[in-house]
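A.B. asks: Residue numbers (the numbering used here), protein chains in the order written: chain A, 4 to 352; chain B, 4 to 352; chain C, 4 to 352.
Calculated from the structure, these hints are not laboratory results.
Treat each hint with caution, since some may be false.
As the list makes no split between identical chains, a pair holds if one copy fits it or if it spans any two.
Claimed, not checked - With a cut-off of at most 27 Å between alpha-carbon atoms, the simulated DSS-like pairs for lysine-lysine come out as follows: (1) K331 - K152; (2) K301 - K331; (3) K6 - K331; (4) K6 - K117; (5) K152 - K6; (6) K6 - K301; (7) K152 - K301; (8) K301 - K117; (9) K152 - K117.
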Amino acid sequence: MSKTSSGNYFEDFRLGQVIEHATPRTLTSGDVALYAALYGSRFAVQSSNVFATAIGYESAPIDDLLVFHTVFGKTVPDISLNAVANLGYADCRFLAAVYPGETLRATSEIIGLKENSSRQTGIVYVRSRGWRQDGRCVLDFVRWVMVRKRDPQAAPAGELVPSLPAALDGATLGHACPRLDISAYDFALSGSPYRFADYAPGERIDHIDGMTVEEAEHQMATRLYQNTARVHFNQFIESLGRFGRRLIYGGHVISLARALSFNGLANAFHVAAINGGRHVGPLFAGQTLFAWSSVLDKAELPGRGDVGALRVRTVATKDRPCTDYPDKAGEADDPSMILDLDYWVLIPR
Amino acid sequence: MSKTSSGNYFEDFRLGQVIEHATPRTLTSGDVALYAALYGSRFAVQSSNVFATAIGYESAPIDDLLVFHTVFGKTVPDISLNAVANLGYADCRFLAAVYPGETLRATSEIIGLKENSSRQTGIVYVRSRGWRQDGRCVLDFVRWVMVRKRDPQAAPAGELVPSLPAALDGATLGHACPRLDISAYDFALSGSPYRFADYAPGERIDHIDGMTVEEAEHQMATRLYQNTARVHFNQFIESLGRFGRRLIYGGHVISLARALSFNGLANAFHVAAINGGRHVGPLFAGQTLFAWSSVLDKAELPGRGDVGALRVRTVATKDRPCTDYPDKAGEADDPSMILDLDYWVLIPR
Amino acid sequence: MSKTSSGNYFEDFRLGQVIEHATPRTLTSGDVALYAALYGSRFAVQSSNVFATAIGYESAPIDDLLVFHTVFGKTVPDISLNAVANLGYADCRFLAAVYPGETLRATSEIIGLKENSSRQTGIVYVRSRGWRQDGRCVLDFVRWVMVRKRDPQAAPAGELVPSLPAALDGATLGHACPRLDISAYDFALSGSPYRFADYAPGERIDHIDGMTVEEAEHQMATRLYQNTARVHFNQFIESLGRFGRRLIYGGHVISLARALSFNGLANAFHVAAINGGRHVGPLFAGQTLFAWSSVLDKAELPGRGDVGALRVRTVATKDRPCTDYPDKAGEADDPSMILDLDYWVLIPR
Chain A
4 MSKTSSGNYF EDFRLGQVIE HATPRTLTSG DVALYAALYG SRFAVQSSNV FATAIGYESA
64 PIDDLLVFHT VFGKTVPDIS LNAVANLGYA DCRFLAAVYP GETLRATSEI IGLKENSSRQ
124 TGIVYVRSRG WRQDGRCVLD FVRWVMVRKR DPQAAPAGEL VPSLPAALDG ATLGHACPRL
184 DISAYDFALS GSPYRFADYA PGERIDHIDG MTVEEAEHQM ATRLYQNTAR VHFNQFIESL
244 GRFGRRLIYG GHVISLARAL SFNGLANAFH VAAINGGRHV GPLFAGQTLF AWSSVLDKAE
304 LPGRGDVGAL RVRTVATKDR PCTDYPDKAG EADDPSMILD LDYWVLIPR
Chain B
4 MSKTSSGNYF EDFRLGQVIE HATPRTLTSG DVALYAALYG SRFAVQSSNV FATAIGYESA
64 PIDDLLVFHT VFGKTVPDIS LNAVANLGYA DCRFLAAVYP GETLRATSEI IGLKENSSRQ
124 TGIVYVRSRG WRQDGRCVLD FVRWVMVRKR DPQAAPAGEL VPSLPAALDG ATLGHACPRL
184 DISAYDFALS GSPYRFADYA PGERIDHIDG MTVEEAEHQM ATRLYQNTAR VHFNQFIESL
244 GRFGRRLIYG GHVISLARAL SFNGLANAFH VAAINGGRHV GPLFAGQTLF AWSSVLDKAE
304 LPGRGDVGAL RVRTVATKDR PCTDYPDKAG EADDPSMILD LDYWVLIPR
Chain C
4 MSKTSSGNYF EDFRLGQVIE HATPRTLTSG DVALYAALYG SRFAVQSSNV FATAIGYESA
64 PIDDLLVFHT VFGKTVPDIS LNAVANLGYA DCRFLAAVYP GETLRATSEI IGLKENSSRQ
124 TGIVYVRSRG WRQDGRCVLD FVRWVMVRKR DPQAAPAGEL VPSLPAALDG ATLGHACPRL
184 DISAYDFALS GSPYRFADYA PGERIDHIDG MTVEEAEHQM ATRLYQNTAR VHFNQFIESL
244 GRFGRRLIYG GHVISLARAL SFNGLANAFH VAAINGGRHV GPLFAGQTLF AWSSVLDKAE
304 LPGRGDVGAL RVRTVATKDR PCTDYPDKAG EADDPSMILD LDYWVLIPR
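Looking at chain A on its own, in the form it has when it is part of the complex (with noise of 0.2 Å):
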């Protein structure tokens, strides 16, 4: 039996199997500073330990989508090393601040199979977890994406699509986020006056800068989240295939988002929720990526008058300024649009 993996086809997949995937890791002050050269990001709470400890937290936490891409990457190898696409996320929770020192792992659940009528490839329902070394659930997602199969003959190890909700109940959030003393964040420090009353529902804003992506950038991304996605980093086989050219990780695309998004929402400092999101096109090196967001809702959390949560749909465009909001036309996206996340933040009351 050969030694190596090269990874799980459609129909090695089960209903309810439960997969433990490897390398735990240690995320540290090293982890932060890379994922501020790779980003820019510039949230106060998470750059600061002076700020973040001020308001409540035990130091800065380590920006939530940098915990997303740690769990995210220790499901690829078992999970999506033969996927075709990865089509959607759902029900993304994050439920605990992790901390510089922190050791996270991840778990999967199969929770839905569904082939295709080619019967060339499938659709795996995965919710996969991301736990802290003392046993605490820190993430909780379902992702689903489309698994080629080794053999189309073999039959499917059975059929479920699972229920999803369609975005999470803005109350039921904020796990993750202490208790905050609002009286001592500092609105200045932060970038911004404008706090949870201030933003509404149908409001769209223009996050004006842009940022082009360089190879090296999104590979040494992908590599620090351990992420073992063929098409990321192997230019020798990509030449061969449907782009030409390495695909830029999709999680690389959210972060550049989130970070864009600064300008015009520089207090929502916590990603407390991911609805749903798809990657609509592929991003590329020496693309450049936009954004612009709307606000969906808003949600008070039951009992904490700290903050208040904002649901938020973020788009990103490639090589396309966003200050006309391009959106869909119908049911056509425009053709400069790479993403649509629909999140929930936190933001100060």
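Add chains B and C to chain A, keeping to what the hints say.
C.D. replies: Chains B and C only, in chain A's frame:
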């Protein structure tokens, strides 16, 4: 009112205005490692906790220029987002050592304004300061920047060209350097036997080595400093601009030249002050930086037998080795010149 | 006398000469994070403090090759700045674990000299050692390098070709690995069930994955190691040289191959020794590295029931997958080969 910032224009600044800049930043050993990876600096004091503590530091201090870039970066969103050019530096003093784990924030005071005759732009003179979490000022410097006007017809909010020192008095420097035990300074480990007494005004040093810069490198550096100047990151917009490409942050050039200067100035471990500097020409990715230095002056520090100050001029060039010390020809700069920096370094006696 | 160093030439070396290299270096979690971002290594012991301490390490040890590159880098300014080629390694032993926060310095002893018949160059044999702040030797290795002469007429300072072991005795290794509690070694988290007993001499493993290298990546790596070899950084000079471009540091190739070897050797968590190695051909940015390994030998460690040693040969290629184990054809190397490395790894029993 828009929740996003497009930065200030010339007519937005007021004489005497004090700006508290966002985002406070805890510098860590992660930032130190990235700084090493970006520039390859080899000064023993900043590289080894053992070396640094042996001579009297609490631990290896953070590179002075990393402190500078961090503070500078914070000023960009408020001061120079609409700058046409960064014209000069003066009166820059490093006032306290910064160690990993410490947090910096920045403020700026508008100390001069001068509209240009075209009325399209004006010069803003600003004194910026970096502050440690304990309220101690770690860095104080003046820069002046040519900033666009939003409305050419707008009246400037005052006119004053401040008087600035051409150079600092070397004898007043050294506040960021604790009193050292030079008997514990190991000149084998530091890479050179040369001390204060070995350098003479007029002496010129070719730093020999060259360093080619890649887009990913300067982008990662500039994001690490949370510097948001668009010209460094946005190829889509810059492709339409005067150079057709991204401009490398001037501070990246300074750090590269400083790192190369190790070969010849290995014991000049601390930048105590910057008298002035000009970014003579732009540097672009793919070009190779070289540097040479001359000793302009020397100063003893009153009451200190441990270290003395050398006033150094470092010239950086692009795609041209510095074997023959390329310099000005009358008023004209050598066409390869990209940096002309005048600063004080401390070196063991 | 010039204050700058252009490095030593062949005739500058003396048999028995001992060189203390500049710059001591404290390795931190920042370096560990960068190492992860550069290579994407996934060995659990080096990745997780929880995993490492559970089995008996003080914390996650620093990757052996990061220790190697750090020590090697220090030797470059004195040993190989004027090298034409790095010819080989021998007798390389890792002697103590290194943890974040520890400081390394390096020394070298000239153990052999042999002028080439052209009298333009000569071979320098050097034993280099890395030392921890407490005086313990953490790494000891021999390399030999072809170094230019400054003056072809100069007489060499001696002639001696040292006797070097073709391979280390596996039974003498393991000093850098504390006695481990393998009952606490989690083979799900480590990514593979295969242990010492599961590998047999003669076995071959294709590591499957490929990794494309970018200029920014290998430059950042090599600067992180404070390695000053010009061929890696200076496109202006290299554009005039034999390849027309920057050469990637051979140690970067070794680290990439080692990271890829996780797929098939996931539990071989510690490089205990390097018997020998050849950089068969150069790697350039834009090329994709693949690797395969064979098990050459196995050794029990006297008195240790926790780990055993596998002697592994890893071959790396460029732009050629290793499905069919490309190798020598008689005396000739497969033209895709860039690395042929013979080393001992430790693996749980």
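A.B. asks: Which of the listed hints are broken here?
C.D. replies: 1, 4, 7, 8
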